[in-house]
Amino acid sequence: MSELGFLFAGYAVVWVALGGYIIAVGRRQSTLRREIARLEREFRTGE
Amino acid sequence: MTGGDGSSAGEVSGGRQPAIRVRGLWKYFDHFPAIRGLDLELESGRFLTVFGPNGAGKTTLIRVLSTQIGPTQGEVEVGGCALPGQADRLRRRVGVISHNTYLYPNLTANENLTFFGRMYRVPDLDDRITALLEEVGLSGRRDDLVRTYSRGMQQRLSIARALLHDPDIMFLDEPYTGLDQHASRMLRDVLKTLHTGERTLVLTTHNLEQGLEMCDEVAIQVRGRLVFRENVATLDKAGFEQTYFDHVGKDFRWDS
Amino acid sequence: MGFLSQAWVIARKDIIGELRTRETVLSMLLFGFLVILIFNFGIEPGLREENLVKPGVLWAAFTFAGILGLNRSFIAEKENDCLQGLLLCPVDRSVIYLGKFFGNSIFTLSMGLVVFLFFSVLYNVDLLQVALPLGLILVLATIGFAAVGTLFSAVSVGLKSRDVILSILLFPVMVPVVLAAAKSSGRILDGDPLSSAGLWLALLVVYDVIFLTVAIMLFDYAVEE
Amino acid sequence: MTTVSPGSTAQPDATAAVADGGAGGGVTTAAAAPLPEPGRTLWLDILGVVAILSVLVALYGAIIWAPTEAVMGHVQRIFYFHMPSAWVALGPAFTIVFICSIVYLVKKDLRYDRIAGASAELGVLFTTITLLTGPLWAKPIWGAYWTWDPRLTTTLVLWFIYVAYLMLRSSITEGHSRARLSAVFGIVGWIDVPIVFMSIRWWRTIHPTLVTGEGMNLDSSMEAVLMLSLAAITLLYVYLLIVRVRQLDMGSRLDRLRQLSHLR
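Residue numbers (our numbering), protein chains in the order written: chain A, 1 to 47; chain B, 1001 to 1256; chain C, 2001 to 2225; chain D, 3001 to 3264.
Calculated pairs, SDA-like style, for lysine to any residue (alpha carbon to alpha carbon, straight line, at most 20 Å):
| id | chain 1 | residue 1 | chain 2 | residue 2 |
| --- | --- | --- | --- | --- |
| 1 | C | Lys2160 | D | Leu3166 |
| 2 | C | Lys2160 | D | Met3167 |
| 3 | C | Lys2078 | D | Arg3178 |
| 4 | D | Lys3107 | C | Met2217 |
| 5 | C | Lys2160 | D | Arg3178 |
| 6 | D | Lys3139 | A | Tyr11 |
| 7 | C | Lys2078 | B | His1099 |
Don't read these hints as lab results, they were simulated from the structure.
Please take these sequences and the hints and turn them into a complete structure.
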């Protein structure tokens, strides 16, 4: 692998790791939002 | 909520200090409230049986009162010691018999009792063990491994273990679980001898017949609260089954 | 001292139970032998590098075998919910910790001694020459191992996959002990005097003191509910 | 020696739960309990934008602005993200795990446990980045992906310790048990780190290696880029930590609501 190849690989690792984490956190966030909406509905209709 | 004994100790006839006083006790496991604002007062020397279906929080109550777990909120005072702060002081005076025996299966009866006796610094331990084994009818098996004991014998030995340090407050959590009729009867006989009027006893069970036999007071625990409390002297024993199901039935959803 | 004698009562209870079944120490020993045997296939006998690898084999065997004992330490307390009975006793939590620590140390130490013997026979080590310094290293390593191990054993005992979790928790934290023990015993096996391993022994002592103190302080939280 | 008796735990977090769920005789008020707010606020958004912008600026600085290092060439540019990742993990991230573990054990407030958990996650993330970029940088320079350099080796051991910490957390479901047990491990693990480092350093000086991380000549513009990068990654860590903690807070409140709606 060329020198630039290693450089590219190094940066790829950084951004894939950070991006992966942020995507995972974002997904969890939307699951939470959905769950809140569901509970809200439940409370309304359950009244 | 808990019957008419909300009055302070001084007003109770007999004027004895309360052995147990609980005010607004909550115990959460995560977000699940196993005990929900429970109040309880018990004079020392009395025998209280707490009835309740599975999941009512009886075991949790016993575990809080016997210092095994801390309360989430509320005042708890047992034997004059505030919990959880003074748990260390209380432990010496508390005996617990539960459906778990707390016995080491790879040790003999004698070794088990010697171990616990030393932990409690019981004086004249050997004589004490001999007397207790006599009392629970296990003298002949003193040097047998606990693992060779039947369930009933283990439970009797666990009674001896709980009595080693002569506690003045005893908690019995479903002690009849898994015992056959014969063993239950022996356990009952031992319990009768414990009820001397000097010792405070709290028993939990879901078995109405066994629970009513020798107690002074009854309570019904449902959904983490005591919903019924009465003195056995004034209790309508024949109608108690109906009373119990009336209280439990209202909350049948809890069980499912 | 009442404090230590109470702790000894707990350790004695564990030892009596162990002498009866011999389950723990025997399985530890067998496992330790097997580790040495397996590792041995990776070493070309007679090579000059052999001497560099040998202490590593020895301490790998010690660590892997030792963890078996720690695994059992609190599982024994879970049968019949004995741990609850123990916690009901009117003694400070640190007494219970010390009791379990003494027991674990004694089991690990006896395993270590026999594994050393096995090792010295297989690799033609003149045990008489190195017995004392190696023994000292073994004692120091055992204390550190049991100090942290007893705490982690209590931490992991309530978990479903406690065996795996205990190994995963303990091994990385054990790195300084294994390293110091392997390096210092390497010196001894090379025929150097004990003083040449002074730095490593000091590291072991520091590790033992720090983690024994920390574990005594934290044990309360590992068992409370 | 702890003087705290085993059960002596005021539990403010759970007390708050009581206030919500238990007031006025319990679950009938559940519907009135406040729903979790959708964890967004202006200042947090601003912090996020600033963090991401500064990372982009640092990226520009590292790739374009900084001069090529004379000996190592372009590969040295990995260093601008390698070193800050290592700093964030070993510095703030794991230290916060340690501090919040202690505070949890003292206060029994689950909030601190959530901070510790989130910080450990980020610490492992940045340690992973460090461990992956390090070899990619080392290979073209020294011809080997891995050397048993004290810092590298300590980082690897550290990674194992905090992965173990996260595994311990994920294997316990009850909130306070998880907080308690992982706090115990979080404290021991952190205290272990300097001892690990010392032991590995002694080990490597006894058998010295030719390869060291030294010998890099940073000129002033390189230093500036490094500082910028350090600040950017630290800012990113702080932002992600806050977001993650708020998310965990929300999850916890949601669990409570779910429980209440179930009880109802």
